[in-house]
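Could you build all of it, start to finish, from the sequences and the hints given here?
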Amino acid sequence: MTHKEEYETIEVERHSALYRFFHWTIVSTGLIIGWTGWRLGGLYGVSFPDMKTALDIHVYLGFVFGAFWILLFIYVVKHEWEWFSPRRFPYSIKFFIQEILAWTGLGPHIEDPRGYDPERREYVEKLIPTEVQVLWMYLLMAAIMGITGFAMYYSDIFAPLLRFADQFAPLFNLPDGFTLFRAIHRLVMYLFLMTMLIHAYAVTIFGVLGSMITGKRREKVVRSRSK
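For the sequence shown, my numbering gives the first residue as 678, with consecutive numbering after it.
Hints should not be assumed to be uniformly reliable.
Taking lysine to aspartate or glutamate pairs in the EDC-like style, the calculated list, with each CA pair at most 20 Å apart, reads [unchecked claim]:
hint : residue 1 : residue 2
1    : LYS755    : GLU799
2    : LYS897    : GLU799
3    : LYS893    : ASP789
4    : LYS755    : GLU690
5    : LYS803    : ASP727
6    : LYS771    : GLU759
Hints listed in this document are in silico derivations from the structure and should not be mistaken for laboratory results.
Following this line, the structure appears as structure tokens:
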């Protein structure tokens with residue numbers, strides 16, 4: 678948990694229009710895919726739309742969902758790699774542990790590391806460090822859901838992969854690879870949903886939700902490159 682203090686701030690552009698477009702397209706398509714997935718799985722009493730329409734939407738919007746994740750990743754590699762590189766995992770994990778200790782009262786408050794240097798006109802730190810892990814978790818889960826989902830729908834094309842999965846199905850008391858893929862698909866869906874909810878809570882707590890709408894945020898002024 679970060680400790681709030683008075684400090685000088687400056688309004689800066691945090692997210693470009695293109696980045697925000699990718700983000701909200703992923704969010705909106707993800708919600709529709711989730712809803713139609715619940716319909717196909719007979720979950721939570723969802724009965725709209727009809728099964729055929731739900732399947733068509735779920736599959737073809739899945740291509741859109743995946744495409745925008747790829748576009749977002751390309752954008753990150755080109756413009757945000759300094760902040761999201763896997764080399765920052767140790768820093769991110771350390772911060773996460775400190776954050777857990779702070780939330781549970783077992784450790785001290787953590788200072789918000791984000792800051793902007795107006796003289797250099799660049800961020801000293803742009804992220805709450807745990808965001809590094811979150812992006813890669815999203816990418817991994819989206820890939821798993823995509824592979825398992827398309828393998829089930831295009832079962833002829835993915836027959837070799839399904840046959841390979843057949844070998845592991847009995848380990849989970851399942852009859853075949855198709856059923857195993859369906860179980861993995863559903864499990865990762867729940868993990869993705871949980872991550873989304875935690876992410877939504879975190880961006881609200883750390884005051885960055887508005888910047889994903891307007892693109893701008895008032896950041897703490899830091900006149901040094903040191904962390």
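Original post:
Given the proposed pairing of LYS771 with GLU759, does the C-alpha separation stay at or below 20 Å?
Top reply: holds, 18 Å
Original post:
Do the alpha carbons of LYS803 and ASP727 lie within 20 Å of each other, as the hint requires?
Top reply: violated, 44 Å
Original post:
Is the hinted pair LYS897 and GLU799 satisfied, with a Cα-Cα distance of at most 20 Å?
Top reply: holds, 12 Å
Subject >> Distance restraint between LYS755 and GLU690, which requires alpha-carbon spacing of 20 Å or less >> reply: Distance of about 17 Å is within 20 Å: holds.
Original post:
Is it true that the CA of LYS893 sits at most 20 Å from the CA of ASP789?
Top reply: Judged against 20 Å, a Cα distance of about 18 Å means the pair holds.
Original post:
Is the straight-line distance between the alpha-carbon of LYS755 and that of GLU799 20 Å or less?
Top reply: holds, 16 Å
Checked against the numbered hints given earlier, the structure breaks only hint 5 and satisfies all the rest.
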